[in-house]
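Participant: One letter stands for each residue in the lines below.
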Amino acid sequence: MTREQVKDKFRRAFAKENIARVIFLLLAVFSVLAVFTIVGYLLYASIPAFGRIGFFRFIFGSEWSAKSETFGIWRMIVGTFVLTVCAVLLGGTLAIFTAVWLVFYCPKKIKKIYTQIINLLAGIPSIVYGLFGYKFLMPLLVDIFHPNNAGFGLLACTLILSIMILPTITSITKNSLEAVPMQYYEGALALGCTKNQAVWKTLLPAAKGGIISAVILGIGRAIGETMAVQMIVGNGSGYPLGAFSPFTTLTSNIVQNWGYAAPTEQAALIADGFVLLIFILILNLCLIAVKKPKSGNKFFSRRLREGEKNDALKSYRRTGSIQDFLWIVSWAVALLVAFTLAFTVIFVFVKGLPNLSVDFLFGKSSNAHNTLAPAFVSTIMLIALALLIALPLGIGAAIYLNEYAKNGSVTVKIIRLFVDTLAGIPSIVFGLFGMVFFVRGMNMGYSLAAGGITLALIILPTVIRSTEQSLSEVPDSMREASYALGAGKLRTIFVVVLPQAIAGIVTSIILSVGRIVNESAALIFTVGSASTFIPLGYGDSAASLSVLVWKFMSNGLQVNEAYATAAVLLIFVIVLNLLVSLAEYLFNGRRYERKKNTAV
Amino acid sequence: MKRPVKILTCVMCVAVFAASMFAFAGCGNRGEAVIVSGSSSVTPIMEKLAAEYEKTHDVRITINMSSSGAGISDTQNDLNDFGMSSRGLKDGETGISGATLCMDGIALIVNKDCSVANVSKADVKALYEKGTAIAGTPITAAIGRDASSGTRTAFDELLKIENGYAADVAALAETGNVIEAIKGSANSLGYISYGSLTSAVKAVSLDNVACTYENIISGAYALQRPFVIVLKDGKKLSAAAQGFYDYIMSEQAQAIISANGYISVK
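From first to last, the protein sequence lines are chains W and L.
Numbers in the working numbering are just positions in the first sequence, counted from 1, shifted up by 70.
Numbers in the working numbering are just positions in the second sequence, counted from 1, shifted up by 769.
Be aware that a few hints might be false.
The list that follows gives simulated cross-link-like pairs (lysine-lysine, DSS-like), each with its CA atoms no further than 30 Å apart [claimed, not checked]:
#	chain 1	residue 1	chain 2	residue 2
1	L	LYS859	W	LYS137
2	W	LYS137	L	LYS890
3	W	LYS434	W	LYS421
4	L	LYS929	W	LYS137
5	W	LYS137	L	LYS1001
6	L	LYS894	W	LYS137
7	L	LYS1004	W	LYS137
8	L	LYS817	W	LYS421
9	W	LYS421	L	LYS881
10	L	LYS952	L	LYS817
11	L	LYS971	W	LYS421
12	L	LYS894	L	LYS971
13	L	LYS824	W	LYS434
14	L	LYS1004	L	LYS859
Incomplete in silico selection of chain W near chain L, CB under 8 Å [to be verified]:
#	residue
15	ALA136
16	SER307
17	ASN327
Pairwise CB distance ranges, derived in the manner of DEER restraints [stated by the list, open to error]:
#	chain 1	residue 1	chain 2	residue 2	range
18	W	GLU139	L	ALA891	28 to 34 Å
19	W	LEU96	L	THR967	54 to 60 Å
20	W	ILE416	L	GLU931	46 to 52 Å
21	L	SER884	W	PHE206	24 to 30 Å
22	L	SER1007	W	LYS483	52 to 58 Å
If you're looking for bench data, these hints aren't it; they were derived computationally from the structure.
Think of the CB as a built atom: it goes at the ideal place given N, C-alpha and C, for glycine as much as any other residue.
My request is simple: use the sequences and hints to build the entire structure.
Facilitator: As structure tokens, then:
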């Protein structure tokens, strides 16, 4: 081989590597682009509203009337604020107790099962919570308190929303409690504290930073929650003054009024969504400001998690102190949470399973006899399209973040920030964006294509985070060995690194499928709700299983079918949860932090 | 199995899956498609008509249930073949025209265990407008529909409620939600399409006129409104849509409409 030939060969190899690098960078930058597009487009679409109504009159006006074309969202802002505060106070308190119990008091044997319970609680679709609240909780509250309405309002909403945000806060709090160095505990014991005192006075404060992040994420989830809230909140035109006065939130306002398409009101609703988005963005900025908990010296401090030293956590002395009381409370809360989950699941199964039949599941569907077959097909089609788009994008982005970018560089920080922002955007905002951008702007109409692309945006952060996590767990020595054998970077990534990270990718696929199965708000806005026929292509309007629950529930004549569909959904969710455990078991040896709840 | 092989298998699976999806999308007997969208009050009868029509014709009639407002705007934006509205069209709604399918009553409903049998128009108006409990009855709360509901628009017009509802009136998104809420509350009053009335709730009389089929036909019962098919001006319906449209306006279809508790106009 001549010198020239060698040079040429190298040049080509480098060209290939450089092109690959640019491609991965572009894939990574896509999330940044997506966030900017969503914010920009929603702002663009709401400018007419701000311009016509006036920014201050829009924010601080309290009347929303299509007839006189006055649109003010002040009472929705107040409604969302009050509801969020109540739900986070209740849900957050319960969640922190649950997390403390799970880490310090939970008997080892049931720890895995209880973690499953929390994951399952996170996996139950919003619409099923709505159904549960509407059909069980509201009548129950009416029986207990005899309010002068059907049970709508703050109390019912707070209760349901607390259950919904509990898993998010619990799992992040749990992670940060487990990251507290063991010495803190031992030190407290050495100073004469009992176990309870050490837990509540030393370990819990030590995990403060993580708990604050958890609560902020919980707030984001509460603000953005749509389907369950809009069923229970009552959408009255007042303020949430009492436990049973119906009010309106920013999200329920959008769902309720979108149908009427007078352009000014539509612009006002998009502006409503934009305000919601701004709140979420502010929350995300708060997250950055929160100090990460100090984890001590990386090499010399032992974590509580590593030892699993539940046995070491013996109580030396019992006192009647307040911490002992908190210990009892945490047991009570943990039992309550488990009971709530069991009750929700059993309620839906008892009401739904008797209405299931092979014919209802797989029979031929027509306008006379709406079966679930079309919903199965359209759900699968949505999953396929969303994964087809999100997997290459997400894996590519993760590869850039972990393999190419310098760790801690500004690019990485910015991209991570935007990925987290994307993860925090509520699905109703995605729905609104999908509606104005894909359905109308790109003329797709209500179609599976529009819904699939919108879903791809929703699951993208999950895929990126999960893949990145498992890529970072591949030891550097493997990469070095590969380079030493003469492999290029690209080859190393695809032949050596990615196969090692397959577990993370599989987990992210399962989590994404769960997210898609749960989704309803975004889909109603992009795919419509046609449920009688098996869709023949991606141009068709269709209803996924979740949307079908909403539809059956809404038309008033098919409540039994709604329960039956909800039961099928729950079975799906349980199976998916088991699959995640199975994946973790199969790919044992590499442990994963499940980032599920941070991503939702 | 070696790792790369594993990955390859995964990729293959996804590819085959996707390919089959697209193949599926490409072929298949499409039949002829008709898309109808709009009011949740009109949807039940439209589904029945569609079911009947499909027995004899090879078409797929897709019914997208939302609200009258959405039905109208979908028609204006050309997102359907024709829309459904449970109220007459307004002056401001341009570019479309309406054809009356049938008439429907608006039933005032209460819980089955509620002792109330009759309410007056003034009482109902005061209840929705000001939140005033109806004297001498257990009714203290009202349940309405959202602003884009045709039932609500018609109800408000018929009772001359002009300035929106009182603060503590719940506004629910769909007919079914109203029924479910009434089922769970002994002191609430709600309103729904007469055709959607089930035995799960009780319809009360208005000014001593019972909410019955006969009284709606004779016009004695005050709360009634038209179900309107919304057509886009200047758009030619596809052959399949035209066929279905002709069918729902035919006498044969009107017989089904009457049999389901709606009032045929033909």
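Participant: It remains to establish, for every hint, whether it holds in the given structure.
Facilitator: Structure-based check of all given hints:
1. LYS859/L x LYS137/W: Answer holds: LYS859/L to LYS137/W is near 12 Å, not above 30 Å.
2. LYS137/W x LYS890/L: holds (23 Å)
3. LYS434/W x LYS421/W: holds (24 Å)
4. LYS929/L x LYS137/W: Distance of about 14 Å is within 30 Å: holds.
5. LYS137/W x LYS1001/L: Within the cut-off at roughly 23 Å; holds.
6. LYS894/L x LYS137/W: Between LYS894/L and LYS137/W the Cα gap is close to 18 Å, so the pair holds against 30 Å.
7. LYS1004/L x LYS137/W: holds (29 Å)
8. LYS817/L x LYS421/W: holds (26 Å)
9. LYS421/W x LYS881/L: holds (21 Å)
10. LYS952/L x LYS817/L: holds (25 Å)
11. LYS971/L x LYS421/W: Holds: LYS971/L and LYS421/W sit about 24 Å apart, inside 30 Å.
12. LYS894/L x LYS971/L: holds (19 Å)
13. LYS824/L x LYS434/W: This hinted pair holds, its Cα atoms lying about 13 Å apart.
14. LYS1004/L x LYS859/L: Holds, at about 20 Å.
15. ALA136: It holds, given that the least Cβ distance between ALA136/W and chain L is near 6 Å, below 8 Å.
16. SER307: Holds, because the Cβ-Cβ distance from SER307/W to chain L comes to roughly 5 Å (cut-off 8 Å).
17. ASN327: holds (6 Å)
18. GLU139/W x ALA891/L: 28 to 34 Å: The hinted range 28 to 34 Å holds for GLU139/W and ALA891/L, with Cβ atoms some 29 Å apart.
19. LEU96/W x THR967/L: 54 to 60 Å: At roughly 56 Å between Cβ atoms, THR967/L and LEU96/W fall inside 54 to 60 Å, so the hint holds.
20. ILE416/W x GLU931/L: 46 to 52 Å: holds (48 Å)
21. SER884/L x PHE206/W: 24 to 30 Å: holds (26 Å)
22. SER1007/L x LYS483/W: 52 to 58 Å: Holds - the Cβ-Cβ distance for SER1007/L and LYS483/W, about 54 Å, lies within 52 to 58 Å.
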